[in-house]
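Visitor: Sequence:
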Amino acid sequence: MGAGHLHTHLDHSAAAPSGSAAAPASARPAPASLRTRVVLAVALLPALLATVWGAFALWPAADEVPAREPVVAQGSSLVDVTVTGPWDAETGTFPVELPDGGTSRMQWSSGTLEPQPGDTVVALHITQIGDLPAPYAFIDFQREAPLGLLAVAFVLVVLLVARWRGLAALAGLGFAFAVFLLFTVPALLAGHSALPVALVTSSAVMFVVLYLAHGFTTRTTTALLGTLVGLALTAGIGTWAIGAARVTGAADERAAWLPQMVPGLSLQQIALCGLVLAGMGVLNDVTITQASAVWELRELAPHAPRRVLFARAMRIGRDHIASTVYTMAFAYVGAALAVLMNLWLMEQPVADALSSNEIAEEIVRTLVGSIGLVLAIPATTGIAALAVPGPTAEPVPVGEVSVPAGPTAPEPAAAS
Numbered sequence: 001m002g003a004g005h006l007h008t009h010l011d012h013s014a015a016a017p018s019g020s021a022a023a024p025a026s027a028r029p030a031p032a033s034l035r036t037r038v039v040l041a042v043a044l045l046p047a048l049l050a051t052v053w054g055a056f057a058l059w060p061a062a063d064e065v066p067a068r069e070p071v072v073a074q075g076s077s078l079v080d081v082t083v084t085g086p087w088d089a090e091t092g093t094f095p096v097e098l099p100d101g102g103t104s105r106m107q108w109s110s111g112t113l114e115p116q117p118g119d120t121v122v123a124l125h126i127t128q129i130g131d132l133p134a135p136y137a138f139i140d141f142q143r144e145a146p147l148g149l150l151a152v153a154f155v156l157v158v159l160l161v162a163r164w165r166g167l168a169a170l171a172g173l174g175f176a177f178a179v180f181l182l183f184t185v186p187a188l189l190a191g192h193s194a195l196p197v198a199l200v201t202s203s204a205v206m207f208v209v210l211y212l213a214h215g216f217t218t219r220t221t222t223a224l225l226g227t228l229v230g231l232a233l234t235a236g237i238g239t240w241a242i243g244a245a246r247v248t249g250a251a252d253e254r255a256a257w258l259p260q261m262v263p264g265l266s267l268q269q270i271a272l273c274g275l276v277l278a279g280m281g282v283l284n285d286v287t288i289t290q291a292s293a294v295w296e297l298r299e300l301a302p303h304a305p306r307r308v309l310f311a312r313a314m315r316i317g318r319d320h321i322a323s324t325v326y327t328m329a330f331a332y333v334g335a336a337l338a339v340l341m342n343l344w345l346m347e348q349p350v351a352d353a354l355s356s357n358e359i360a361e362e363i364v365r366t367l368v369g370s371i372g373l374v375l376a377i378p379a380t381t382g383i384a385a386l387a388v389p390g391p392t393a394e395p396v397p398v399g400e401v402s403v404p405a406g407p408t409a410p411e412p413a414a415a416s
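If you count the sequence shown from 1, position 204 lands on 204 in UniProt numbering, and the numbers rise without skipping.
Hints were generated in silico from the structure; no laboratory data involved. All C-beta atoms in this analysis are idealised placements derived from N, C-alpha and C, irrespective of residue type, glycine included. A hint or two may mislead.
What the hints assert, rightly or not - Have a look at the derived ranges for each label pair, beta carbon to beta carbon: (1) F177 x G92: 32 to 42 Å; (2) L181 x Q74: 36 to 46 Å; (3) A151 x S193: 26 to 36 Å; (4) A89 x W164: 54 to 64 Å; (5) S193 x S323: 31 to 41 Å; (6) L354 x A67: 37 to 47 Å.
Make a model of the complete structure from these sequences and hints.
Guide: In structure tokens, the structure reads:
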């Protein structure tokens, strides 16, 4: 299949009189056939049944989930206080105003961002201070207001730009977080195997999110099949990589405390679950784009063979691969910049720094996710090229012949 053949089909079939946007309506492809829709539904049915069965089988009972621990020790409490003056270096405290209007002082240790007068912060109220200089100790900044404003701005921007499609996407996002909080986290804490939990979670989320945001169409089903293929590949490769690289899952300080709070919990399995879930969103992005690309190409070139659509859509896919791989790598660099700076200050070979636990875990996550993403693109494109309506009969004017490039013998032109 040469480039001349590709352009002969696409350019000729897409040609239209000046001012027209696409091929004539009579030449546009028909909707996907009933047979195609049935085949796609049958292909999805095992995944849907496995997801539903897995959710029922892995759903944790209330007595399986460990009890939640109090945030502070008995006799202490967290309160919001307002800083009213500068730090006193002699006592190491700030003057603060309490919720009831009273005043007191709050301990603060240098090394973190210094509170400023007017800041609302979260402080630990210690009832029995002993030799402590103040009954309140700085814990963190109160961020509810700015985070709330950002959330409102995000929702408004999505709704203004994407409108009803954006509203559907936001509803899907809400469903996804509900699954994470009500199923994924409790199931992991209950001791269920991380890989089945990750696959059930990602499959359930994709079934709902894709159809909710993009509608019950053949192209959405095609994208969903490609996404499930990518998730399966990511899970398989990730299982091997996590074990081979001896990823501990304890790179984060909070994660390192989990086995003490939940005896028997495997941080390595948690890392595997996180790897699969991290790849889910990127896979969704590329698969829906590839499926849409094939359908749009068919709209513009109703006479093009399926292999031509696949080849042209893969050109788009290769561009998407390049940009998405950059995105994943840069996202990690931005999130782990402090860790990278810390390793840079240590005098050690680059190979040793890259193989340290903190960096190795992120490298494995990034590379495995990228491999799954790259392989999902040709898989989705191939499924879409088979599912898209077939080529229509190509009318060729008298005297014009469509000659494919390459060693293949030219096909005789049909008179119009």
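Visitor: Does each hint hold? Answer for all of them.
Guide: Hint by hint, here is what the structure shows:
1. F177 x G92: 32 to 42 Å: 40 Å, holds
2. L181 x Q74: 36 to 46 Å: Violated, at about 27 Å.
3. A151 x S193: 26 to 36 Å: The hinted range 26 to 36 Å holds for A151 and S193, with Cβ atoms some 34 Å apart.
4. A89 x W164: 54 to 64 Å: 57 Å, holds
5. S193 x S323: 31 to 41 Å: 35 Å, holds
6. L354 x A67: 37 to 47 Å: 40 Å, holds
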